[in-house]
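Visitor: This is what each chain is made of:
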Amino acid sequence: MKHCWFHLMPYTELPEDFRDNHESIWVDIDSKLFDPERAHHMYNDHLDEMEFAADMGFDAICVNEHHSNGYGLMPSPNLMLASLARRANPKTALCVLGNSIALYNPPTRVAEEMAMIDCISGGRLIAGFPVGSPMDTCYAYGQNPSQLRERYAEAHDFIKKAWTETDTFSFNGRFNQQRYVNIWPRPLQKPHPPIWVPGGGSIETWRWCAEMDYVYCYLSYYGYQAAKATMNGFWEEMDRLGKDRNPYRAGFLQFVGVAETESMARELYAEPAEYFYDRCLRVSARYANPPGYVTEATQRAGVKSQISTAASGGPDDVSNTSALPGIQKAQSINEVRKNGFNKNAREFDSIVENGYVIIGSPDQVAEQLREIVHDLHFGQLMLLLQYGNMNKKTANYNTKLYAEKVMPLLSDVWSEWENHWWPKPLSMSKRALPNNINNSMAAE
Amino acid sequence: MDTPSVTRISISGGSSRVWRKGKGEVIGFLAGFGGLPKWIPFLDLLADKNEVIVPAIPGFPGAVGHNNFDNHLDWIVAVHDILKKSNLLNNTSLIGSGPGGSLIAEVAALWPNEVKNISLISPWGISSDEFPMADPWAQRPHELAGLMCHNPKLWDDLKTQPNDADPIEWPVEQARALEASARIFWPLGNTGLIKRLGHITCPTLILRGDSDRIIPKNYIKKFCQEIQGEAVTKTIKNAGHLAELDQPYEVAKTIQSFI
Chain V
1 MKHCWFHLMP
11 YTELPEDFRD
21 NHESIWVDID
31 SKLFDPERAH
41 HMYNDHLDEM
51 EFAADMGFDA
61 ICVNEHHSNG
71 YGLMPSPNLM
81 LASLARRANP
91 KTALCVLGNS
101 IALYNPPTRV
111 AEEMAMIDCI
121 SGGRLIAGFP
131 VGSPMDTCYA
141 YGQNPSQLRE
151 RYAEAHDFIK
161 KAWTETDTFS
171 FNGRFNQQRY
181 VNIWPRPLQK
191 PHPPIWVPGG
201 GSIETWRWCA
211 EMDYVYCYLS
221 YYGYQAAKAT
231 MNGFWEEMDR
241 LGKDRNPYRA
251 GFLQFVGVAE
261 TESMARELYA
271 EPAEYFYDRC
281 LRVSARYANP
291 PGYVTEATQR
301 AGVKSQISTA
311 ASGGPDDVSN
321 TSALPGIQKA
331 QSINEVRKNG
341 FNKNAREFDS
351 IVENGYVIIG
361 SPDQVAEQLR
371 EIVHDLHFGQ
381 LMLLLQYGNM
391 NKKTANYNTK
401 LYAEKVMPLL
411 SDVWSEWENH
421 WWPKPLSMSK
431 RALPNNINNS
441 MAAE
Chain H
1001 MDTPSVTRIS
1011 ISGGSSRVWR
1021 KGKGEVIGFL
1031 AGFGGLPKWI
1041 PFLDLLADKN
1051 EVIVPAIPGF
1061 PGAVGHNNFD
1071 NHLDWIVAVH
1081 DILKKSNLLN
1091 NTSLIGSGPG
1101 GSLIAEVAAL
1111 WPNEVKNISL
1121 ISPWGISSDE
1131 FPMADPWAQR
1141 PHELAGLMCH
1151 NPKLWDDLKT
1161 QPNDADPIEW
1171 PVEQARALEA
1181 SARIFWPLGN
1191 TGLIKRLGHI
1201 TCPTLILRGD
1211 SDRIIPKNYI
1221 KKFCQEIQGE
1231 AVTKTIKNAG
1241 HLAELDQPYE
1251 VAKTIQSFI
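Residue numbers (the working numbering), protein chains in the order written: chain V, 1 to 444; chain H, 1001 to 1259.
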């Protein structure tokens, strides 16, 4: 199993009354809350935490893209990876989950920047291609929701061809036309870096991942309990398509807080967890559902599910997980559209009880993770070990304890499977060493 | 209300419903935000004195194919085709509401000889920093009715699923209507129409509900100023953005007096 240390890079000093006095942490978050001098420290703390995680032996460090967002300070995750490519442990893979490729016209820029990172890092890049959340893509970046998925598909084709085509070519797409495509540099990994696709629960995405042989990543903030239906659906679809059940086909995100004892964990992680689930998930319902963002096939599936639930006398709790990648599940999409993200657990006991955050001693955490890894059947575990307003000291403690005490307890998991979706970097003997004045292989 | 006759026309691989009702001089109507899932009293009032022809805009209720159009030129050509196939470009009076109003203005600007006069109800297309449109696509569902109509119940009634409608396709169709308008006008409702308004030479009537929360009063003033031909504005009392829903009699009477 792979342990990937994921950072959202939250703004850690939102006021205590944020939920009461602010409608949204996303899109139109109050700019007066942002202090650049404090952000200077936050960015550097967060980068320190990622470098520390790499030194602790995590398999990968992961970043992602958000815009106009108080819990995600990475409008350009590639900037972060560029820094980490130089400074972080050279044995650690670099995962960007990812670039919202529909936003970049031409997508040449994404192909180029990812190729740069792959070259700088010696072939350690994992390239994530999310459609992106409605808030990021349609509202903060103004992309037309009716064209978002069409542009996404075209951008994917563009980037992949730019990485793999050896000759200069013309790209004549619906939305992107470029007479000369010839990116320079080219990715070091051949034919290209492994591609991971963060997504919700749409069957179209599962099929596409299977067809393209990409990793499907379910990035929920609501833990394993809420993810069962989605992950089961994914694997059932892989069965239908005749794909093997190699767990490395799937990635999953989980918040974790580990301490010497469970009571210590409760003491340490209650505040940052509540900060995240109370303040950071304060998102206005106005931005939940731009028209056209959810495909008609998914809408139909949601309506059918609603009707059957109503017919069976069940609660109005239909989960349409494909609607909102990154912030889905737990609360039904219909509720989200009406009321925003305000029905999910926000107090620590409920957060833990619902499985949003796994806490405990190393043994307890390892036991729970082993169970969910097998239950949901995934091999690429993405861990949020810093969340909310957790400070660097606590984040590093969590990271260190996980690496030293939890990771070894899970070293046997999925050892029988090969991970075909992992970077293939240059051997260390062929790598450049940053700031090494005696680099014999350096360009003259 | 008697039901209109229904035919269908093909447009760029999609298909659009065309309603017809009444006798007399032909007038055409392109729907406002959310489209027309049902025949409305306003159209009946027009049909008392005229033959009313109502083709559906691709993606609006009664029509599909909006995903075939990638840019504004695609849309304008498609709307011209729709009007032509509906026999609405024979020096005809045309009416449009909101997004439909903007598209009618485009046709009048580009094909002036095919249009007799136009009546636009809170037309979209020229939003700017000085007179911004409200964002109709970033609203909580329960707030949308109040944004569209002075009497929100009229919007709710229009969007309520009839007993004989497919319970799965009905909500999908209503969502598609919002998507289609977004496909044309996202994100600000500004399609650059202001640069083409100067090409409109036919008599133009512009209506706005006095409680329209989407289109500001000064927006309408600017819209009217840019038109080269004779243009008059009229405020409809106790009406919101969809004035034809709020005050069907007043809007129909004003338009019929104008044309």
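These are calculated hints, taken from the structure and not from any lab test.
A quick note: this is a predicted structure, and the numbers were derived from the prediction, not measured.
Cβ coordinates follow ideal geometry from the N, Cα and C atoms, glycine included.
Each hint should be verified, as a subset may be incorrect.
Said to hold, decoys possible - Listed below are several chain H residues computed to face chain V (Cβ distance under 8 Å; list not exhaustive):
1) D1070
2) P1167
3) E1179
4) A1231
Visitor: Hints first: check each against the structure and report whether it holds.
Guide: Status of each hint after checking the structure:
| no. | hint | result |
| --- | --- | --- |
| 1 | D1070 | holds, 5 Å |
| 2 | P1167 | holds, 6 Å |
| 3 | E1179 | holds, 4 Å |
| 4 | A1231 | violated, 30 Å |
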